[in-house]
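**Q** Sequence:
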Amino acid sequence: MDPVTAISTIAGVVTVVVSTTNSLRQLISSIKDSSDVMRAIATELDGLADILELTKKLITARKLRKGDVYVIEVVQRSIKDCQKPMEKLLLIIEPLLQAPEEGVGSFRQKRIDLVRAMSWPTRWNEIKAQKRALESQKTNLLMIIHLVGDYMAGKSEDAIRRDFARRFAQEVRRPGTARGRRMRAKLEDDISTIVGSRLEHYDTDEDDDGGGDENHIENDDQTGTILPIHEPRNPALAFLKAITAGDTDTVSAFLKSGTNPSRRSPDGSTPLHLSARLDCRPTATLLLDHGVNINAKDGEGRTALDIAARGHCISVVSLLIERGSLLGTLPHDILTTVGIDGQWKPALQSLAARSSSLDQARLIHKAVEAFDLPALSLLLEAGFDVNSSDRGFYPIHHAVMQGNLPTVELLVQHGANVNQRVTSGALGVPRSDAIKELTSVRDCSYDSSPLSLTVDNLEVFEFLLAHGADPDLPLEPPNGTPCLNAICMNKFFPFAKAILEAGADPNRRDEAGRTPLWWCIDMYNIRLMRELIQHGADVNARLGDGVTLLHKAVWDNRFLEAELLLQSGANAAARDFTGHTPLQRAEKDGRACDELITLLRAHERSGGGGDSG
Numbered sequence: 001m002d003p004v005t006a007i008s009t010i011a012g013v014v015t016v017v018v019s020t021t022n023s024l025r026q027l028i029s030s031i032k033d034s035s036d037v038m039r040a041i042a043t044e045l046d047g048l049a050d051i052l053e054l055t056k057k058l059i060t061a062r063k064l065r066k067g068d069v070y071v072i073e074v075v076q077r078s079i080k081d082c083q084k085p086m087e088k089l090l091l092i093i094e095p096l097l098q099a100p101e102e103g104v105g106s107f108r109q110k111r112i113d114l115v116r117a118m119s120w121p122t123r124w125n126e127i128k129a130q131k132r133a134l135e136s137q138k139t140n141l142l143m144i145i146h147l148v149g150d151y152m153a154g155k156s157e158d159a160i161r162r163d164f165a166r167r168f169a170q171e172v173r174r175p176g177t178a179r180g181r182r183m184r185a186k187l188e189d190d191i192s193t194i195v196g197s198r199l200e201h202y203d204t205d206e207d208d209d210g211g212g213d214e215n216h217i218e219n220d221d222q223t224g225t226i227l228p229i230h231e232p233r234n235p236a237l238a239f240l241k242a243i244t245a246g247d248t249d250t251v252s253a254f255l256k257s258g259t260n261p262s263r264r265s266p267d268g269s270t271p272l273h274l275s276a277r278l279d280c281r282p283t284a285t286l287l288l289d290h291g292v293n294i295n296a297k298d299g300e301g302r303t304a305l306d307i308a309a310r311g312h313c314i315s316v317v318s319l320l321i322e323r324g325s326l327l328g329t330l331p332h333d334i335l336t337t338v339g340i341d342g343q344w345k346p347a348l349q350s351l352a353a354r355s356s357s358l359d360q361a362r363l364i365h366k367a368v369e370a371f372d373l374p375a376l377s378l379l380l381e382a383g384f385d386v387n388s389s390d391r392g393f394y395p396i397h398h399a400v401m402q403g404n405l406p407t408v409e410l411l412v413q414h415g416a417n418v419n420q421r422v423t424s425g426a427l428g429v430p431r432s433d434a435i436k437e438l439t440s441v442r443d444c445s446y447d448s449s450p451l452s453l454t455v456d457n458l459e460v461f462e463f464l465l466a467h468g469a470d471p472d473l474p475l476e477p478p479n480g481t482p483c484l485n486a487i488c489m490n491k492f493f494p495f496a497k498a499i500l501e502a503g504a505d506p507n508r509r510d511e512a513g514r515t516p517l518w519w520c521i522d523m524y525n526i527r528l529m530r531e532l533i534q535h536g537a538d539v540n541a542r543l544g545d546g547v548t549l550l551h552k553a554v555w556d557n558r559f560l561e562a563e564l565l566l567q568s569g570a571n572a573a574a575r576d577f578t579g580h581t582p583l584q585r586a587e588k589d590g591r592a593c594d595e596l597i598t599l600l601r602a603h604e605r606s607g608g609g610g611d612s613g
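In the UniProt record's numbering, the protein residues as written are 1 to 613.
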């Protein structure tokens with residue numbers, strides 16, 4: 001991009017962002033009795049408008065040189081970053097402030113007004129998050145403008161960095177936080193780009209006798225091919241030719257003689273970009289050893305790592321990650337934009353060593369979501385942590401909720417914790433649409449275990465039990481409802497049978513003291529009652545108030561359930577907290593059918609059962 005085009009482009013970007021700023025400012029000013037948060041957003045917008053005006057004046061104040069184009073691109077990117085939170089705030093706030101429709105005062109309009117009023121609290125966290133993002137991006141732009149001003153004033157790199165450190169400490173709130181550290185790292189990368197734009201470019205007229213076109217090297221970004229070149233008359237081009245040929249001896253000689261490893265070509269790329277495109281690890285290593293800016297961006301904002309990743313230049317990807325290149329969006333793009341295969345294992349190992357637990361979890365979730373078993377296997381074999389958490393939500397939860405047995409098997413083979421709970425707060429964070437859909441459909445509570453999340457897929461359910469899932473793990477710790485108690489409906493019989501065969505306690509009580517048999521009576525599940533009794537369920541179990549299971553069956557008028565309890569040894573003479581036997585309770589309350597009363601009388605006359613206490 002030439003300087004004239006650059007100025008025209010940035011002027012257009014400033015105009016768009018100023019328009020958005022004004023629209024949001026007017027929208028906020030229309031809110032009656034606006035909150036402190038809204039007033040704070042308005043203040044940020046006023047400050048941003050001033051910075052945008054300063055930006056416009058600064059860029060147009062001097063005649064730009066060719067190298068200044070890269071400075072303009074840094075400024076343009078920072079301005080666009082300010083646009084994003086404002087657009088999101090407009091999308092959130094505008095629907096809440098829509099003008100009343102015809103028929104104001106009608107029941108329908110009052111209902112609409114009520115819904116809008118109730119919507120404010122539900123969107124409040126989103127508004128606050130975008131306010132913080134706007135503050136951050138505005139501060140970032142202000143810092144960039146200071147840097148550009150220092151650059152245009154001709155300050156040295158050391159002076160620019162000293163002033164930057166001082167201003168950063170003054171301007172940035174909580175600079176020591178993770179957000180502050182990320183902002184500083186990005187700004188320091190921008191300093192390198194701005195200062196690096198002073199370097200002499202490869203299209204220099206130095207030693208050029210009119211054959212400039214012969215000496216020009218061009219890259220075909222579609223194929224990654226380096227187009228043929230003629231014998232160079234310019235030492236700078238000879239250096240590039242040596243890199244193109246992978247001639248490490250010549251490259252080393254140039255670097256030792258003082259050749260600048262960070263000099264840029266007309267498209268803004270450095271020799272490291274060229275080595276990355278060629279997947280030439282030896283020359284890339286030499287350049288890094290001699291101080292090339294590993295995070296320098298070309299004219300399109302791409303780092304050498306971006307170039308190498310998209311070109312599947314795996315050896316250089318590994319090297320750049322190992323040597324500390326900023327990862328940028330690579331952890332999020334690697335399965336979509338880039339795509340991986342078996343050759344990526346060394347690069348993935350380097351990426352795993354550099355990635356945070358959160359980035360690892362997100363990448364594994366992406367592979368699970370896409371049902372991409374080869375990619376998932378590569379990630380796990382490369383050292384990505386199978387038990388890494390996306391803020392409380394684990395890959396094993398995602399896989400079992402999908403009901404995808406091969407994915408579950410692969411995760412478990414690599415050590416996934418089959419008893420890991422979804423931790424508190426996990427469902428309150430943004431996720432992909434697929435995970436949101438799964439969690440809403442499956443009623444995923446904060447403390448759900450993999451076992452409780454898969455009670456509609458018997459194959460996965462049995463696999464988890466066979467591989468260590470705790471059949472007695474309560475749904476909510478420490479003494480919540482056991483899984484068995486929660487699946488006493490008829491439709492869950494195969495799951496209940498499987499969990500019993502896996503060793504679940506048939507007498508384990510929930511938080512109210514109710515056993516699985518109590519729930520079976522409540523759910524008309526005579527078949528599961530038989531299964532529980534065969535596995536040792538206590539037919540004389542009492543609730544805390546002394547009520548027996550037989551009392552429960554009588555109260556609910558459950559003839560078949562009462563008959564099975566009596567056949568299995570239930571005490572017909574047992575008394576509840578009021579001193580009544582099941583028969584007395586049936587006769588007193590009048591809820592039981594005649595057949596049930598006859599059954600109870602027969603057992604009471606015969607002395608059926610045991611201790612009547």
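Check the hints yourself; a few may be wrong.
[As the list claims (entries may be wrong)] What follows is a list of derived Cβ distance ranges for each label pair:
#, residue 1, residue 2, range
1, K80, H312, 24 to 30 Å
2, N417, A159, 52 to 58 Å
3, S30, P374, 35 to 41 Å
4, E587, M489, 30 to 36 Å
5, R391, H467, 22 to 28 Å
6, A40, G258, 49 to 55 Å
7, S156, R354, 30 to 36 Å
Because the hints were derived from the structure by calculation, they are not lab data.
Don't be surprised by glycine CBs; every beta carbon is placed ideally from N, CA and C.
**Q** State for each hint whether it applies.
**A** A quick look at each hint next to the structure:
1. For the pair K80 and H312, the supplied restraint of 24 to 30 Å holds, since their beta-carbon distance comes to about 29 Å.
2. For N417 and A159, the hinted distance range of 52 to 58 Å is satisfied, since their beta carbons lie about 53 Å from each other.
3. Between S30 and P374 the CB atoms are about 54 Å apart, so this pair departs from the stated range of 35 to 41 Å.
4. Between E587 and M489 the CB atoms are about 31 Å apart, so this pair conforms to the stated range of 30 to 36 Å.
5. Separation of R391 from H467 is about 26 Å and conforms to the stated range, judged on CB atoms against 22 to 28 Å.
6. Taken as a hint, the range 49 to 55 Å holds for the pair A40 and G258, whose Cβ atoms sit roughly 53 Å apart.
7. Between S156 and R354 the beta carbon distance is about 32 Å. The supplied range of 30 to 36 Å therefore holds.
Taken one by one, the earlier hints fail for this structure only at number 3.
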